[in-house]
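Number of protein chains: 2
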Amino acid sequence: MTSSDQLDATFAALADPTRRAILARLASGEASVNELVEPFAMSQPAISKHLKVLERAGLISRGRDAQRRPRRFEAKPFVEATAWLEKYRRLWAANFQRLDVLLEQLKFDELKAKEKKRERAKR
Amino acid sequence: MTSSDQLDATFAALADPTRRAILARLASGEASVNELVEPFAMSQPAISKHLKVLERAGLISRGRDAQRRPRRFEAKPFVEATAWLEKYRRLWAANFQRLDVLLEQLKFDELKAKEKKRERAKR
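So the protein sequences, as listed, match chains A and B. Sequential numbering of the first sequence, starting at 2, is according to this note's numbering. Sequential numbering of the second sequence, starting at 2, is according to this note's numbering.
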């Protein structure tokens with residue numbers, strides 16, 4: 002997967018409340034499919050479908066225990082998605098600050114121009 | 002929108018390379034639809050469709066200029082999505098460290114047990 006394909010897959014996988022809840026659960030430790038089915042009012046096939054989406058996106062992997070086949074949290078796509086979001090939020094914030102400075106400068110120029118006008122009127 | 006619906010909409014909107022490129026462009030300053038169409042090899046209706054998805058998700062808004070109708074970047078959903086990702090990545094990291102500590106303890110206990118056995122064998 003290219004980095005753009007990875008972001009597509011990560012964000013698409015995260016756009017579902019059940020999948021986010023599964024990830025939230027796995028963040029505190031690996032769990033088998035049965036353990037994941039328990040807290041949800043969902044059938045095992047429905048949960049398995051969500052797990053497949055998460056696995057394909059690389060957000061979870063399978064642990065070594067061949068019997069339990071525990072699913073575990075994979076942090077890398079989280080870090081990459083956060084990096085993308087932060088990059089553009091920061092770029093926006095930097096430009097926003099530049100805009101603020103520009104607006105302050107415009108206000109200051111306007112005040113200076115008014116003052117000059119007033120001084121000229123006094124003479 | 003509830004906070005979960007907002008995350009659904011944010012992540013779904015971000016799961017597309019054109020929409021991410023539009024957001025990347027708007028992060029450096031607002032732009033009209035025509036200005037957004039230029040850099041993409043896409044028709045105006047196609048771009049407008051993507052803009053609608055971004056607007057519905059609250060990731061962009063429309064500026065005041067009635068003629069240009071410039072689109073602008075909205076940072077709030079970025080911040081909320083980042084907060085969600087960071088929360089669970091941190092929870093995972095904290096648990097991972099606890100697991101590391103546990104493994105170290107197990108190794109240490111094993112070494113101590115072996116040493117005791119060796120000492121007993123010497124007597």
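These are computed hints drawn from the structure, not numbers from a lab. Warning: the hint list may mix true and false statements.
In this list, chains with the same sequence are indistinguishable; a pair is considered to hold if it fits within one copy or across any two.
[What the hints assert, rightly or not] With a cut-off of at most 25 Å between alpha-carbon atoms, the simulated BS3-like pairs for lysine-lysine come out as follows:
id : residue 1 : residue 2
1  : Lys53     : Lys88
2  : Lys77     : Lys88
3  : Lys77     : Lys50
4  : Lys88     : Lys123
5  : Lys115    : Lys77
6  : Lys118    : Lys108
Right, here's what the structure says about each hint:
When the C-alpha separation of Lys53 and Lys88 is checked against a cutoff of 25 Å, the pair qualifies only between copies, where the shortest distance is 23 Å, while the shortest distance within a copy is 29 Å. Taking CA atoms no more than 25 Å apart as the test, Lys77 paired with Lys88 passes in both settings, with 17 Å inside one copy and 14 Å between copies. Taking identical chains as interchangeable, the C-alpha atoms of Lys77 and Lys50 lie at most 25 Å apart only when both belong to the same chain, with a minimum of 22 Å there against 31 Å between chains. Taking identical chains as interchangeable, the C-alpha atoms of Lys88 and Lys123 are never at most 25 Å apart, the minima being 53 Å within one chain and 63 Å between chains.
Neither within a single protomer nor between protomers do Lys115 and Lys77 lie at most 25 Å apart by alpha-carbon distance, with minima of 57 Å and 38 Å respectively. In this homomeric assembly, Lys118 and Lys108 come within 25 Å of each other (Cα to Cα) only inside a single copy, at 15 Å, whereas the closest approach across copies is 82 Å.
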